[in-house]
Amino acid sequence: MLYLDLTVTGLMTGVFYALMAIGLTLIFGILRVVNFAHGEFYMVGAYTYTLLSTALGVPVWLTLPAAVLVGAALGWVTERTLMRPLYAGYSSWGLMKDEYAIIVTFGLSLLLINLVDKVIGPYPYRGPELIDTARVHLGPVIADGHRLMATGLGVAVIAGVFAFMRFTVAGKQVQAVAQNRLGASLAGIDPGRVSAAVFAASGGLAAFAGGLLAPIINASPDVGVFTAVKSYVVVVLGGMGSVAGAVVAGLFLGVAESFGAVFISYGYRDTFGLVILILVLMFRPQGLFGEKGRSV
Amino acid sequence: MTFLKVKGLEKRFGGRHAVDSVHFDVAAGELVGLIGPNGSGKTTLLNMLSGHLAPDGGTVTLEGREVTRLPVHRRARAGILRMFQLTRVFDRVSTLDNLLVAGRGLGLNARDALTRARALLDELSLSPVAALDAGRLSGGQRKLLEFGTCFMVPPRIALLDEPFAAVHPSMREIMGRFVRERHALGQTFLLVSHDMPVVREMCERSVCMNAGSILADGNTEDVLNDPAVIEAYLGGEAA
Amino acid sequence: MGNSERRLRAEFHGSLVILALVAALPLVLTSVYWQGVVIVSLYYALQAMGWNLVTGYTGQMNLAPAAFAMVGAYGVGLLSHHWGISPWLGVPVGVAAAAGIGLVLGRIVLPLQGAYVALTTLSFAEILRLVIGNSYSVTRGDLGLNVPTVFDGRLPYYYLMLAVVVLVQIALYALMRSRMGLFLQAVRDDEVAAASRGVSIVWWKTLAFVVSSAICGLAGTLYAPFAGLISPELGLILNTGLVVSMVVIGGMGTMIGPIVGALLVYTAGEMLREVGDYHLIVFALLVIVFARFFRGGIWGLLQLGADRLPGRRETGAREG
Ligand SMILES: Nc1ncnc2c1ncn2[C@@H]1O[C@H](COP(=O)(O)OP(=O)(O)O)[C@@H](O)[C@H]1O
Ligand SMILES: [Mg+2]
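Residue numbers (numbering that gives the first Met the number 0), protein chains in the order written: chain A, 0 to 295; chain B, 0 to 238; chain C, 0 to 319.
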């Protein structure tokens, strides 16, 4: 039963890794940059959810969407103010594209962390649970009610993202821009709008994950830092830019960590993914699950 | 002795031969034109000569020494210097320092590099912009600068990929004169160009590629009048 | 003299003036607390100088400087904790450890570009921190290690740290004035073009990583006996963030930017703390504003100002 238990726990963690990584990988697909403030979108989501519920007494079924909206707004503003120059003639700044994107998102990450630290305070806030039920028996596996509910919502949203990408015109436009920015713009798609939309979606997804996990992680200013590191691992593992890869890699990392914590070392469990990331970049830069060779 | 010897060089991208079993020699002091329609494999061939692409087969020999497996920087020090079709300069250092990078990289000491760089700046009319970051130069000036970095140390052979394309006629004139003068002094060149009149005027000998293979090799006039060459240019996208 | 050399000289002289001011500061600054603040900002200055070498000059987005400082500090701390070895002997060991690990990291990221370098170095830094933080039997984990002091009072630390900053600055100046300075900048701007002109990418990139890591490690080895207690928190990403902010604000890819940035960000931060602790917000905003609108940082702004003065047209400012 241990194996089953570990697999289920791992998958449940993996769903959130996937949720975080999807946004990051979508951004990479569109703009070829890594958003180093991604963890702070997550942090903002956790705070929005928690503070609206506990301080203002808004019901959790409203604060969750509110968290998504706040995250999306943040993503949108970030794209419009900081990312736009990446495709609107950045050469005149004297910073290379990669350098610029890394420094500016790193700066944004510091800004958000310190802003929250100053305005709300450094102490952790525990978010309210979605449902009260403490224990749910799923056959042989026992799960916490909130966690189960959160995982279910996470899975639903991931499925929604897939359906969106596959069946809607907007989703196809996103894929078109990711594949060939110039071609897409010649075909009448506005890559700028797509970038903004993707950044908003990415922020919304991260904030959603933050809200769902708020009762478990306890919102604090730097809560997103390590979560973001995990999503980098997942994105690299899944192949930068691949949504399906991010989901598979997220679930894989969750399971790998839950097994590794038991069979290898509990203390070092957080290093497994990082070691995998480095090995992947050294030997298989297109990702474990990426099909096409991407030039690095 | 043949100076540069290219034997059976080939490169595939996917299943497609970009360069297919190419043989040719360049003698010391020759100025050879390399022509051919777009996509015929000229740049790919240059990339293999300069070490930017590893060939799938064949060898490159410079003055009797096989250089096929030598990394780019070692090949540059061996005297194979190239200019890229899409200009590459160091944007955030000055024009002068771009030349110094080449001088020092190719083994000159600081003083010689500076003397040489000043002389080249004058010769290429770049002195007024010597202190400007290369990223702020015009497209033509950048091209001229990259051209200059090939000559900080006299190369054994200079590989020039479309040096005259899309530059102001006055700069084309500067580079053209420079090439002719150096050639007169015995400098060896392989010159890729789309510009038929230029090739006709500058190169005694030309090699024409088509679809990865050599279509014709010989006296420029003969090559340009070769029916197969004319056919290739008309059949492909003539430039 | 090339323009790069000319720039370097102006920046170097500027940095010496600032360091001379720092040397004179204890004459008026007698508060032990404030002397401590300057010591810590010099600790950050060293890291910033190391980071600037590999990122500002060589263009490799290294997100591990704080982790290398942590490695240096633990070199000193572990030797002293387990074998009672003096911190003085720990310094070379800590520096060598940081340089060795820097060599490994440098080789790992050698074939990678841009964001991939950032991701790899970030992961590497986190691995170092997590390993030190979880190896309780060796490092005492999050409890940290006590390191014996080597001096009584603050001033000896103050001048030791300052002397090391000056020496490292002189060494960096010598390196950057040599062909290495040109080559690193060439590698930063275009690796392919640099190799095409005879520059060995493998050698110079690796060297930049090793030297940079050694300097960051050195910072940590000196900080350990001053602080008396070291913990894995030294290697937090947030501390790397501080280092990055300092260099971007001071002027990335300049000899003086890291020193100005570190002194300004840390010391001004402490001053502003008294009026309301908004300093980190201000600095994060400055990082974004400088990156977004003006790469040169504060030094670049000064240069731009100097260029606007009549008769100073030719020196070539570094405005972006
Ligand atoms: N890196 C590459 N990957 C795939 N195909 C390439 C690559 N470089 C060149 N090619 C292909 O090889 C052929 C020859 O290209 P190239 O050498 O650039 O031609 P030319 O310089 O004569 O115009 C073209 O069909 C081109 O599309
Ligand atoms: Mg070509």
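Worth flagging that the hints you see were computed from the coordinates, not collected in a lab.
Bear in mind the structure is a predicted one, so any value in this text is a computation, not a measurement.
Any given hint could be a false lead.
Stated by the list, open to error - Computed list of chain B residues with no C-beta within reach of chain C, every gap over 10 Å:
1) Lys6
2) His22
3) Gly38
4) Asp96
5) Leu184
6) Val197
Said to hold, decoys possible - Residues on chain B that point at chain C, a partial pick, calculated with CB under 8 Å:
7) Leu85
8) Phe89
9) Thr114
Here a beta-carbon is modelled for each residue, glycine too, at the ideal position from N, C-alpha and C.
Against the structure, the hints come out as follows:
1. Lys6: Since the minimum Cβ distance to chain C is about 23 Å, B:Lys6 lies beyond 10 Å and the statement holds.
2. His22: holds (25 Å)
3. Gly38: Label holds. Min Cβ-Cβ 21 Å, cutoff 10 Å.
4. Asp96: Its Cβ does come within 10 Å of chain C, the nearest being 5 Å, so this is violated.
5. Leu184: Its Cβ never comes within 10 Å of chain C, the nearest being 22 Å, so this holds.
6. Val197: Holds, since 24 Å exceeds 10 Å.
7. Leu85: violated (11 Å)
8. Phe89: Constraint on B:Phe89 satisfied, holds at 4 Å.
9. Thr114: violated (12 Å)
Violated hints for the displayed structure, listed by number in ascending order: 4, 7 and 9.
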